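Visitor: Residue strings, one per chain:
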Amino acid sequence: MRFVRSQKSPGGEHPFVFHISKREKVVLLSTLRLYPLLDASYHQLSRDPKTAGRAEQEWLEEAMEQQRQDQKKKLDQFFGNDRLFFKDGKGELQLTLTGEQLEWLLRVLNEIRVGSWVRLGRPEMEAARKLQLSSEQAHFLASMELSGYFQAALLEAFG
Amino acid sequence: MAEIAAPVAPPDTEKKEKTDPKETPDRGYLVICWNDPVNLMDYVTHVFQTVFGWPKAKAEHHMLQVHETGKSLLVRETFEKAEHYVHQLQSYGLHATMEREE
Chain G
1 MRFVRSQKSP GGEHPFVFHI SKREKVVLLS TLRLYPLLDA SYHQLSRDPK
51 TAGRAEQEWL EEAMEQQRQD QKKKLDQFFG NDRLFFKDGK GELQLTLTGE
101 QLEWLLRVLN EIRVGSWVRL GRPEMEAARK LQLSSEQAHF LASMELSGYF
151 QAALLEAFG
Chain U
1 MAEIAAPVAP PDTEKKEKTD PKETPDRGYL VICWNDPVNL MDYVTHVFQT
51 VFGWPKAKAE HHMLQVHETG KSLLVRETFE KAEHYVHQLQ SYGLHATMER
101 EE
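Chains as they are written, first to last, in the numbering used here: chain G, 1 to 159; chain U, 1 to 102.
Treat the hints as calculated values from the structure; they're not laboratory data. Check the hints yourself; a few may be wrong.
Calculated cross-link-like contacts (lysine to aspartate or glutamate; reagent style EDC-like; alpha-carbon spacing at most 16 Å) [as the list claims (entries may be wrong)]:
(1) K25(G) with D82(G)
(2) K74(G) with E100(G)
(3) K71(U) with E99(U)
(4) K50(G) with E99(U)
(5) K81(U) with E56(G)
(6) K50(G) with E101(U)
(7) K50(G) with E102(U)
(8) K56(U) with E156(G)
(9) K130(G) with E145(G)
(10) K87(G) with E24(G)
None of the values given here were measured: they were computed from a predicted structure.
Work out the full structure, taking the sequences as your base and the hints as a guide.
Guide: Encoded structure:
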């Protein structure tokens, strides 16, 4: 997957266009289906319990959980939106995203990456690649690497 | 043409604005981003730009500080604003917390 261009549409938006192979599309969608992988307890408002109380910590957890539910709804819409993927004149597949969709997809992929890393036991990157992995852990190592791959491609759009 | 009278503040009000420490917001809360091995460097830079509206050079400076020293002090703020920023940064998946300045 690679960034192709940002173009102005008649509606005034600037869609971001990415070239994506058919295989990458399949992998991207299967990676996104893993969402959500983090739970509310991952989030910590402060390292010092004197700085923020229980109520503030609970508020953070509730806010993150609400966001997760909203992201999941958008993800369901994303899966049902065939217009995002289309073939160009050469028959190559392209993914077109608005700026808002691009931001959203980056966040979802990042949470999948972080969630996969947490499920691997939060290893250092090099250590993760040398772990003796169970099949489940191998699955999370793959999703961590793949979500990072797609994030890097999306970030190219910001220069 | 009617004259506009200059506003006159009661003497005690003016004095209070200058001297009462209770009127000064407590900006003793630090928003800190901690290093982790999983968030991509370019992504962290992008999040700093988005959340704080920083130019890329400043965002990269803080990202590198996180990467090289383990943490970066991003802003010093009131409790409410610091809490807001931590919510924002955590919603992007960054490892950020607020800490009381000692």
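Visitor: For a C-alpha distance cap of 16 Å, please report whether K50(G) and E99(U) respect it.
Guide: Holds: K50(G) and E99(U) sit about 9 Å apart, inside 16 Å.
Visitor: Hey, K74(G) versus E100(G), does the alpha-carbon distance stay inside 16 Å?
Guide: Satisfied, since the Cα-Cα distance of roughly 11 Å is no more than 16 Å.
Visitor: Taking 16 Å as the top limit, are the C-alpha atoms of K50(G) and E102(U) close enough?
Guide: At roughly 12 Å apart (the allowed maximum being 16 Å), E102(U) and K50(G) satisfy the hint.
Visitor: When you check the alpha-carbon spacing of K25(G) and D82(G), does it fall within 16 Å?
Guide: It holds: about 12 Å lies between the C-alpha atoms, which stays within 16 Å.
Visitor: Could you grab the alpha-carbon distance between K130(G) and E145(G) and see if it respects the 16 Å cut-off?
Guide: 14 Å, holds
Visitor: So if I understand the rule, the pair passes when the alpha-carbon distance is 16 Å or less; does K71(U) with E99(U) pass?
Guide: Roughly 13 Å between the alpha carbons, so the hint for K71(U) and E99(U) holds.
Visitor: Quickly compare the C-alpha distance for K50(G) and E101(U) to 16 Å and report which way the hint goes.
Guide: Holds - the C-alpha atoms of E101(U) and K50(G) are around 12 Å apart, at most 16 Å.
Visitor: Check the hint pairing K81(U) with E56(G) against an upper bound of 16 Å on the C-alpha distance.
Guide: Satisfied, since the Cα-Cα distance of roughly 13 Å is no more than 16 Å.
Visitor: Please verify whether K56(U) and E156(G) have alpha carbons no more than 16 Å apart.
Guide: Distance of about 14 Å is within 16 Å: holds.
Visitor: Under the criterion that the straight-line Cα-Cα distance not exceed 16 Å, is the pair K87(G), E24(G) satisfied?
Guide: Holds, because 14 Å separates the two Cα atoms, which is no more than 16 Å.
Every hint from the earlier list agrees with this structure, and none is contradicted.
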